[in-house]
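Residue strings, one per chain:
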Amino acid sequence: MSSTNLEAFFAAITGVLGADGVNRSEETIRRYGENTMPGGDRPPAGVVYPGSTADVQLIVRAANTHKIPLYPISTGNNIGLGTRSAATAGQVVVDLGRNMNRIVDIDEKLAFAVVEPGVSYQTLYDELVRRGNKLMLDVTSGPPQGGMIGNALDKGAGYSPYFDHFGFSCGLEIVLGTGEMLRTGDGTLDAKDLINWHTSKYSFGPILDGLFTQSNFGIVTRMGVWLLPRPPAVRSFHFTFPDDDDLETIIELCRPLKLSNFVPTLFRVSNDLYLCGSEGESPEYRASGGKRSISDEGRRHLRERHRLGAWNVSGAFYGPSGAAMEPQIHRVRDMFMQGGKARYIAHEEAAAIPPLQTAINAFSGVPSVGELGLLKWRPGGGNIWFAPGTPMDGRVANEFQRLCRKIYQEFGFDYTAMNVCSARFARGLHVITFNREDADERRRADACYRKMSREVAARGVFVGRAPVDYHEFHMAQTIPAFRDACSGIKAALDPNGIIAPGRYGIVETTAR
Amino acid sequence: MQTAFSLEQLAQPTIAEADGILKTCVHYGFCTATCPTYVLFRDENDSPRGRIDLIRAMLEKGGTPDAKTVLHLDRCLSCLSCVTTCAVKVDYTHLIDIARAHIEDNYRRPLSERMLRRMIAELLPYPRRFAFALRLARLANPLAAFLPARARNLIELATGWPAAGEILRPRIYPARGMRKMRVALLPSCAQQVLDRNINAATIRLLQRHGCEVVVAAGVGCCGALPLHMGRQMQGKALAGANIAAWSVKMANGLDAIVVNASGCGTTVKDYAHLVGGEQACRIGALTRDVTELLAELGLSHGSAQPYRVAYHDACSLQHGQGVTAQPRKLLAQAGFNVLDVPERHFCCGSAGTYNLLQPDIAVALGQRKAAHIDSVDPDIIAAGNLGCMVQIARFTQAPVVHTVELLDWGTGGPMPSALRDRRLRNPAARAAQAAQSKTAASPPPVDPNPTAVW
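Protein sequence lines, in the order shown, are assigned to chains A and B.
Under the working numbering, think of the first position of the first sequence as 1, with each following residue one higher.
Under the working numbering, think of the first position of the second sequence as 1001, with each following residue one higher.
One thing to keep in mind: the hints can contain errors.
As the list claims (entries may be wrong) - From the derived model, a few chain A residues whose C-beta atoms are all more than 12 Å from chain B:
1) D41
2) A45
3) R395
Claimed, not checked - Think about it this way: if two alpha-carbon atoms lie no more than 30 Å apart in a straight line, the pair counts; the simulated DSS-like pairs of lysine-lysine are:
4) B:K1236 with B:K1089
5) A:K134 with A:K291
6) A:K155 with A:K201
7) B:K1023 with B:K1329
8) A:K291 with B:K1061
9) B:K1023 with B:K1068
10) A:K406 with A:K291
11) A:K291 with B:K1068
12) A:K155 with B:K1089
13) B:K1236 with A:K134
In case anyone wonders, no lab produced these hints; they're calculated from the structure.
Glycine is no exception: its CB is placed at the ideal position from the N, C-alpha and C atoms.
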């Protein structure tokens, strides 16, 4: 990429979008380049702000003309997964979130919304409340300002029956690497009124939607998302367990309740630090200089202070009233209490324990900021999310718990994990919080992530979502045929390799 | 964030405090999405994260700040939305106050700005002076069209609010029935000059709920207005006077200090930081927003008609004090149909003296807020801070009242004066009309969420 090309590209974009459509100021470049990963910041060449799908097409075509790599982002901060910084320094960030932030449609009868990339969970929640709060969207327990399209395309998830954000999306609009616009689902029909675009994925032809998850084949500019009729009442239940190895029992208890769908929400099975960590800095960090994991004694103190256990289980029922759901709560309570180790925490008591209130909000489709406190467990702001998954087999899940806990300790970090349990699979959200201003901690955090990734991979487990810095590393863990297939698709849909080279490990050179 | 203060600088308590705060910022940027000025301008320097960088550079350099820094820091509303959102809980509240004081002490503003700021600081915190100025403004109102924009804005804001004021005299209002609590009321300086109904409703409501209400001699402005303009000494002096006045009453027992202007409440609760000392700590701990106290006491039987009430969260109440549930719960208990509005975390642009000092941004935010409120089709708008009420009323047709006025009305008090000459839609008639339209229309509107499915 020559500077002449870059100047010509920005001149072309300024000519079309106006001066407000481009920002190359020092402050902006610094901000968009910030990264919480051990590798540090990666400043872009500039930022462009399209206002429509047509603008995105113009940007992509200009990038093809001038051979400029683009890096599209939606909205939110992506802390723990690479922030908003590009895959490599010098790419041009396409910030879709600033101006493409419209809720295109809400169909109250068929319960779906159509959103642009800048629509956050909070924005759609606000609009649904404004319309009478009859429909509920599934939210993450992360930042309310997170983007719905970005999360769905990165295979993000929530906790309600509509937890699978990609699975409950329907109908995409995409600008391909060539600048062509593609519609998926029933939007493929060459017709004016696409009444099934956001209601059906399964009409004629291959389902292309999945190609645009965790890939760099196109820029998604519109997505349909299905919504759940809001239940009149949400009643949560919670259990604490005292020992680390109780995870095996917990998983065995959760599985049948999810296989049968008796419990409609996913189970949040969080360890002590995942919950207590959102309530303040590690009490032992300063004393150890960040070199050691928190002691068992320190963990015990935290659990007592916050009335929590080594593992903490949360789920919820939906129904017409709290009273109507009492029989279900009783059945779940009986099952969990039969081993004699669990302590039951009722909905009202949980509402007064902030980390459990975060769970209640998540089950209720209410965006909240409570879990963000996890990011201050250690000073310095470094944060990596490690997201492998295990089958819902208690013995296997517990083996992985022991393995990862040991690796955290080996590198002087604090095992912080939540297993989000569905019927057959649990995604393990592991947080590595480290001091980004300490070179030794940065190095150890990186080594910790890589070692855990390798160890779980050796046991047949892959990560679900991964920080941008590790995309190439994870792609190298796949079979050659998969990499070849990705490269072939990249070459077909983005022949000049201008969209997010390096993102998800699908690189321009591979494409060629 | 790393800082580079010299040891000499760090020997100054304010710099040491700023240093500690600055080091907690890790630049995640969650604050940007919820910062009103960043959303308006999309300029990093108009975001909390950017401002923190500017403050660091300004304080490290010391001396006269540059005009660019002053511009961006002046644009900060101190709405504290960033504090709610911040993952690492940077104490931006006190950092921006330190920065404002530094600017006030080290930067010479243009003459017109100096005059405006001085006038605000010398008039608004003092009820009698402000009442006199308000009379002058009303006399000048017919000439407003011929005045410069800024003076026009001042007169519009000063005269636009229709209610009359009443400066409360020191007095004890007895509890009705058995006394449950003895509380002191902060009458709030500008509020009592602009709108007597708020204090009157508060006193009636508290009396009806078993509170003896004390208006203590010597209590005046809480100090927030000068404090947020960088005039720390004036703010501390006003706070000190209040502490002395309430201390006299505390000798005879005081269960709470009640505040019905949320901007003041945030400041009084923070007296321990502002003034320091044991008594300031005690007063801060005793202080409650009126809705916090009523929630503790339990609202008596509510008999209000289910009017659609859009509740506006004043920033100082939701971000400054974390009080969001109580007002909604009380209004619902009183019988109203409480509506949340989109972007409830966003400032309306009032922000203390902000709509006097930054009129253009304030108008943009006020219009945005009013449009969101109007979008929920309210009969009435309620807020817990007069500043917000005045600001929102500029941009909407719906009547704006204080939360306590509705709670008072809903529990046996008079109808708020702002509603008396309004033709409110009758909730029962509205329901009947909706039912009729359901039967008349063909096919009937579909309820996507019929309760029967659950």
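Evaluation of the provided hints:
no., hint, in the structure
1, D41, "violated, 10 Å"
2, A45, "holds, 17 Å"
3, R395, "holds, 36 Å"
4, B:K1236 with B:K1089, "holds, 25 Å"
5, A:K134 with A:K291, "violated, 50 Å"
6, A:K155 with A:K201, "holds, 17 Å"
7, B:K1023 with B:K1329, "violated, 39 Å"
8, A:K291 with B:K1061, "violated, 35 Å"
9, B:K1023 with B:K1068, "holds, 23 Å"
10, A:K406 with A:K291, "holds, 15 Å"
11, A:K291 with B:K1068, "violated, 42 Å"
12, A:K155 with B:K1089, "holds, 29 Å"
13, B:K1236 with A:K134, "violated, 49 Å"
Against the hints set out earlier in the document, violations occur for numbers 1, 5, 7, 8, 11 and 13.
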